[in-house]
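A.B. asks: For chain F, the structure is supplied; the task is to place chain X on it using the hints.
Chains as they are written, first to last, in numbering that gives the first Met the number 0: chain F, 0 to 366; chain X, 0 to 287.
No lab work stands behind these hints: they were computed from the structure.
What you are looking at is a predicted structure, and each value in this text was computed from that prediction instead of being measured.
All clues stand as given, with none of them false.
Listing some non-contacts, in silico: residues in chain F with all C-beta distances to chain X over 12 Å:
#: 1; residue: Arg37
#: 2; residue: Pro72
#: 3; residue: Phe216
#: 4; residue: Arg307
#: 5; residue: Pro360
Here are a few chain F residues that face chain X, going by a calculated C-beta distance under 10 Å:
#: 6; residue: Glu112
#: 7; residue: Asn114
#: 8; residue: Ala133
#: 9; residue: Leu134
#: 10; residue: Asn136
#: 11; residue: Gly140
#: 12; residue: Ser221
#: 13; residue: Tyr226
#: 14; residue: Asp227
Beta carbons are placed, not taken as given, at the ideal position from N, Cα and C, and that holds for glycine.
Here are the chains, one letter per residue:
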Amino acid sequence: MLTRREALMGTAMAAAAAATVSVLPAMAAAKDVTGLPRVKVNLIAPPFVHAHDQVAKGGPTVVEFTMKIEEKPVVIDGEGTTLRGMTFDGSIPGPMMVVHEGDYLELTLVNPETNEMPHNIDFHAATGALGGGALTNVNPGEQVTLRFKATRTGTFVYHCAPEGMIPWHVISGMSGTVMVLPRDGLKNDEGEPVRYDRIYYVGENEFYIPRHETGAFKKYESLGESYDETMTVMRGLIPTHVVFNGAVGSLTGENALKAKVGETVLMVHSQANRDTRPHLIGGHGDYVWEQGKFANPPAKDLETWFIRGGSAGAALYTFLQPGIYAYVNHNLIEAVELGATAHFTVEGEWDDDLMKQVAAPGPIPTN
Amino acid sequence: MSFRQLAVMSCVAAAVITVASAGGADRAEDRQPPIAMVETVMITPGSFRHPQPGEFLRDGHPAAAPQALAKIPHPFEIMKYQVSSTAYGRCVEALGCGPADAAKGGDRPVTGVSHIDAEAYAAWYSDVTGDTWRLPTDLEWAFAASERFRGDIEAGEADPSNPAQRWLALYRAESELDRRPDPEARAPGSFGTNSKGVADIAGNVWEWTSTCYANATLSTDGEGVDSVVENCGVHVVEGFHRTYMSNFIRDGKSGGCAVGTPPDNLGFRLVRQEPGLGRVVLRFLGIS
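Looking at chain F on its own, in the form it has when it is part of the complex (with noise of 0.2 Å):
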């Protein structure tokens, strides 16, 4: 039997309508950019973040990133509980990229034949083309390849917006982070350089599987299966799992993330979906760009900043004692009960002069 490819590929077709003679306004032409240094980066997963300069060398570069979207079940807590999750390059979230301001961010993104779902991807960075989404789409079987000229500072959501079904392709898991950095690195608020030791990057998830009539999660055989039933969840906005990087305890014990006392660390903070208010227990965030935009003087010493659900921030943070942190959305429940904590482990010497034990517990004297 004739496929429907091969009738395509074997019909001779009429030429459709002549093109239009198109007279436009002068519009603005992509600058050659053939000239411009190229650099290829590999992507690694969250929480870390490949390597990059934090003040640009040189002048404009075109950055180029590969991804391939994974579609795949995805454990999301310790009593095995399984998404049918859609993953940029495989982790939830997606990778972060990192440019610098005037740089163009070339992403080929690849959607590999054995995937059941056409993608596409919206950067929150970009401008135009509904974030590149409406240039992006790929089906299973294709790859496209998008530039944008990176002309904000900041730190952006990127997402999956494939028409009529972006929540759930976001509630799935496909969204990630972009950051672009000044050229000269990032300014506190007395405009004077600041730098950072360590970066990490914490996405948040929310997740929302259906249950049986016990109580127990259901586990879907396919993407299409477990449609019908998270969209009923999924209306109900409440989800069954908040989580930093796609699973509850993902960033906690072995995995739990490092500093040094004395090392200056920037957590940034990104939900596609759900606003969330990170909160470092035990610590603050020194300089905080709350909406993730360095061109606006960043917040001090916060105890808590606020994400917009489809934004990113970022944190800066000196620590100035050694132990256990713990790094939760402060809702508590959902930190406690649904997944949102990380924990630093920071290793040093202890500052008496910023907190001692002045009496240990013991018995309430009773004279």
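C.D. replies: For chain X alone, coordinates are given in the frame of chain F:
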């Protein structure tokens, strides 16, 4: 091998089957047609310009769908009305189909059914009727829809220097249709009958076809196709306008791949596969 030889061989085969089935004759008599035969329309052969479904690129830019001169070489039989809620309900009762999202019963068209549901119904219905029923191809649907066929809402050729022109044109074209949501399925025949005698084409129930979505690159001269990526996880849906839906979608309003006006409802009608020569002979002999 000549046609006569083939026919003779078929008769021999039929005779063998007759003998073989003699022992089970009482079982055959027990078999009741479990469902009333639906009204069908015989579509006579012809040819027409068929705007191809899918998305087309030329030199890397969206292009209008080519309009192939398509031939329908043989007559085919298509349901006059969309499959009803009651008929679909029987398949659900028989555990042949998953429940529809909008199961109201009655003779109104079933809605809230996915491509997977429609395929399941076709398989079940073929089983209970002994005929082969299937979803129409996009080509068959378009030909049967006749003057009511609209195809994709087209925005024409893209301007390579300004992709936004096409998006704006498409948006305007959809707005100009000025179609208001019309979610309630109506009694069969409510949307009238077209010139070929097929009812309710392009009403408020869109219909699944068996044609896969495809993304094709046209050759620069516009005379052929250089490459096609077919995605059978998405099928062509026909109705007031053409759209494309993932196979598991039951509600076109939230799950479409199309921009702009989504389908009010998703339903389907079936085509009866022309029986093969063997079955014709069996039927002639009163066996099938």
